[in-house]
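Undergrad: Line order of the protein sequences matches chains A, B and C.
The numbering of the first sequence is the numbering used here, which starts it at 1 and goes up by one.
The numbering of the second sequence is the numbering used here, which starts it at 1 and goes up by one.
The numbering of the third sequence is the numbering used here, which starts it at 1 and goes up by one.
In short, the hints are calculated from the structure, not lab data.
Keep in mind that this is a model prediction, so the values were computed, not measured.
Wrong hints could be hidden among the right ones.
What the hints assert, rightly or not - Covered stretches of chain A (in silico footprint by chain C; criterion: 3 or more residues with CB under 8 Å from a CB of chain C, positions within the stretch not fixed): (1) 60–66; (2) 77–90; (3) 119–126.
For every residue, glycine included, the Cβ atom is placed at its ideal position computed from N, Cα and C.
Here are the chains, one letter per residue:
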Amino acid sequence: MSPSVPQDAVAPSATLLEVADLHVEVAGKPILKGLNLNLAVGEVAAIMGPNGSGKSTLANVIAGRPDYVVTQGSVRYLGTSLTELEPEARARIGVFLAFQYPVEIPGVSNMEFLKASLDAQRKARNEEPLSAVEFMKSVRSVAASLDLNPEFLKRGVNEGFSGGEKKRNEILQLLMLQPKLAILDETDSGLDIDALQTVAAGVNRFRGAGNGILMVTHYQRLLDYIKPDTVHVLADGRIVKSGDHSLALKVEAQGYGWITDAA
Amino acid sequence: MNDSNSTLDALVRRDYAAGFVTDIESETLPPGLSEDVVRFISAKKGEPDWLLQWRLAAYRHWRTAPTPKWAHLHFPPIDFESISYFSAPKQQKDRPQSLDEVDPELLRTYEKLGIPLHEQESLAGVAVDAVFDSVSIGTTFKAKLAEAGVVFCSLAEAVQERPDLVQKYLGSVVPVRDNFYATLNSAVFSDGSFVYIPKGVRCPMELSTYFRINAQNTGQFERTLIVADAGSYVSYLEGCTAPQRDENQLHAAVVELVALDDAQIKYSTVQNWYPGDAQGRGGIYNFVTKRGACIGKRSKISWTQVETGSAITWKYPSVVLRGDDSVGEFHSVALTNNFQQADTGTKMIHLGRNTRSTILSKGISAGRSQNSYRGLVRISPTAEGARNYTQCDSLLIGDRCGAHTFPYIEASHPGAVVEHEATTSKVGDDQLFLCQQRGIDPEHAVSMIVNGFCKEVFRELPMEFAVEAGKLLEVSLEGAVG
Amino acid sequence: MQSHPFIDSALTRSRQLDNRLPLIVAERRRSIAEIAREGIPSGKLETWKYTPIQPFFAAPFGDVEPPTGSSARTHLSFEGAVPITLGDKAQPAIERAGISLETLDSPLNADLDLTRYPLALLNTALLEDGLAIRIAPGVDAGVLDLRFSGGASAAEVSRIRVELAAGSRLRLIEQRSEDRPTNSVLDIRVGPGALLQHTRILTPTTAPCWYLVSVHVGAHATYDLTGHSMGSTTRRNDIHIRLDDHHASTNIDLACAAHRRDRLDHQTVIEHIGVDTVSRQLVHGIAAGSSELTFNGRIHIHPNAQRSDARLTNKNLLLDKKARVNTKPELEIYANDVKCSHGATVGQFDPAQVFYLRTRGLDEAAARAMLTRAFLAGRMPPWLLEAGVLEMYAELFA
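Between the sequences and the hints, there should be enough to build the whole structure, so can you do that?
TA: In structure tokens:
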């Protein structure tokens, strides 16, 4: 479902995201060491890899997390370099990060938060803010599709939410904001099978020819529900192997050793 | 409370093992304080004129200074004219040249206290300076330390041998006029330890001073000065005991620590001054000023204290964090029983950028005692990126004691983060019952619970001290089960 | 007796006021004599460590011919609340049975700790306006909206006594929107099983303002306080609650914001005297500009107040280089079977929260504004939000 946010026309198969020779340091420690990655419009790619390989760093650096320092290389989104942009500027041109650990903001209601986000993004596109009625209508219907009780919208952002509720709340924001690039950082972690199916259904509803998805995951399980076009294996700060869904299945069966040892 | 109260009471009550008196002939000044007394002490030690003048200036200021009244302590005013300000065991010569010349009676005293001064019997890796009333009677392992360039001697010796260092640093951390008791100490300090660790040296062994008050009606005013030059490291231990007497005795010490760039000083105390009897008679009045200055970049000073003794404890080991990226730590266990009163804590003064401090305080109150944590965390406008974390926990044993927390936080830099937490708990009847049901006697159960409560602090102590501290708590708690 | 120009003029002023509240003349005399005996506090008092007490012992308090007061600002209106305006001679008749409004009478200070609050003596001596609100047993008195305005002189010296008899209920809204030097005492008794929900809104002033709320809470009774205090030149709020009897409880929820050169000082004392008493305190403070924000929260558990349960959380945001926060959460505990904890923090906005908001498209300023509002008003009930309390803060940070 789409809350009537018009999508800029983007030619399918154009490059959505282009990461070239990316080096990133966190607290002085090199994490990404020359990462290359392309994502086409309409493509769904999974990023897999062992713990500490740099998967979450990649997700966060695209979204512009402070303290994640790009020391070399580039991140281009629809031809625009992202690395100089503030996080909100990236958000306003269509980059969305679903957090691995969604942040709690006590005192700010989920509703207020969503409305403020949507208004800010629409304003950047010179669009009028949604009326309260339209907004409520669309947020309620999205919430219902994710099995979220409307009461949940009145609570503080992620405040006291269960792990599953937090992840569903991220997908709620994804569906409301309708970005062009969605980065899902371990969205499957901590979910039971029912919640995983709900979340996957939400993501599949979002999936379309006009956008792209980067799914960072540790487990193959998620990919049974959201079929990726491409699978990349990240190890020690670089993409070391790329393939189709069968690569994910092989990783699950055999672990990462056979790839990382070879690399 | 129920009958487990009496068990607790029985547990907390026990004899003070260090309460004996050494029968030794001493040279003791008659009670009273005057300029002549100050001159006498200075002359006795053959001090240079600058030091005499320094003492006299302190004395004159002290005469005008008011006694501090802000602590959560109640005691009758101290009659400073009834105290003797100097007492030393009589010696054949002025000063024993080696430990072999020390009166065997004195050596036996320290042996009884578990501190053998003969090097071959000593705890391996610990050098000891033994201070008996007003003088240092000897320092072990001096030769071995000298090889590393470490100076470890009595302050009186240092005044003679390293006047440059003493003059430069004495009073640099605790100024003469700092507070009433520090001023008094500056006027009449008798002896204490001096440590200098040269640049880049890791002191090859633990250094330790053992303070013993023996004479009656005598105040003890030792002064310790530790200077860690750039890149050096030292771990220093302090122990103290006094005989069991019905009168209160005054102890007003000053400890100054100086850490230059990248230097580290770890200062540990197990304080076991005589606490007074179960009726609150006698015991040491312990008014001590301890402060460290992290003047160098990336320097670190950490205080660890286990306070079980004294009738009154008034003590706030502090760190002035002047150097950028310097670190201050305070780990404390303060246990009070019977009629003891403790008002203790720390001050962390953040001046440099990215300075960090941690405060961990565990207060245990039993009997009719009053136990207060008092602390100050100050973030100055210059202390960008400063961090403090404070945790104060109180454990109450019995329903007639008090546990109090007075933390002052003053933050003046928007880049600082200060966090303070405090909790209170008790040794629960249900905990005791569970232990008893499993066959553990209440005495052991309480000591287990208390030891668990203090574990994080004990971990900071050097091994030998940690064991001693655990035993000391057990002893101090005897009769406290409720 | 010390002679001091302020005391001399206060004595004269106190006599002039005799006809205003005739029932308390003797108590006025005693109070001013006590002030004269003790003198004006000179050096630093521990309870006034960060805020000077001296401006409260100075003109225009005690002026013999006080200049006339400034005009009142607007008040918020609350649906269903009966307004009571202090200093307004024509009080509306309270329709509901069981609510009485009466003139203050002696003794005024029986329930106050005069050693800790010497300004309460001055309040007695110079009292210009006063009112006793009494709620009869078992009565639900609804909502009273207490407003302070219309005073004739440049300084407001007022006292309100609120007495809730056993089993009664009251929601009391207290609005302070005048810019006058103030010495104000609220003396409250919550009888057994009664419930008082007190909301205070203190808008900015440029004059020194001192307020004392002193509350005695009886068995199974509850006193709840929601307070919003916006910065002022010098504002000191003393809140003293005694949980006198078993199962008494109190919930304190305070938000304070200071900016420019404000000094805003809150001091709470909660005394647990009865067994099974419960207290909760949540105090959120913001210091911006060159302001100084002070909080002192004392929890005092008396001997025998077994099974007391006390919790205090104080969070402060220190936003600017010249601003300063002083906080001192204190515990004084004389009983062992208790649950007590306090926590205090000073810091900035959580960078993770700011980043989260920015990834959703809010710029940094908008993110900070949202977090500020949440910090101050996150726990506010809807009726208070609807009345526009937040807009008053907006003015503060504009």
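Undergrad: For every hint, state whether the structure bears it out.
TA: Status of the hints after comparison with the structure:
no.	hint	verdict
1	60–66	holds (count 4)
2	77–90	holds (count 4)
3	119–126	holds (count 3)
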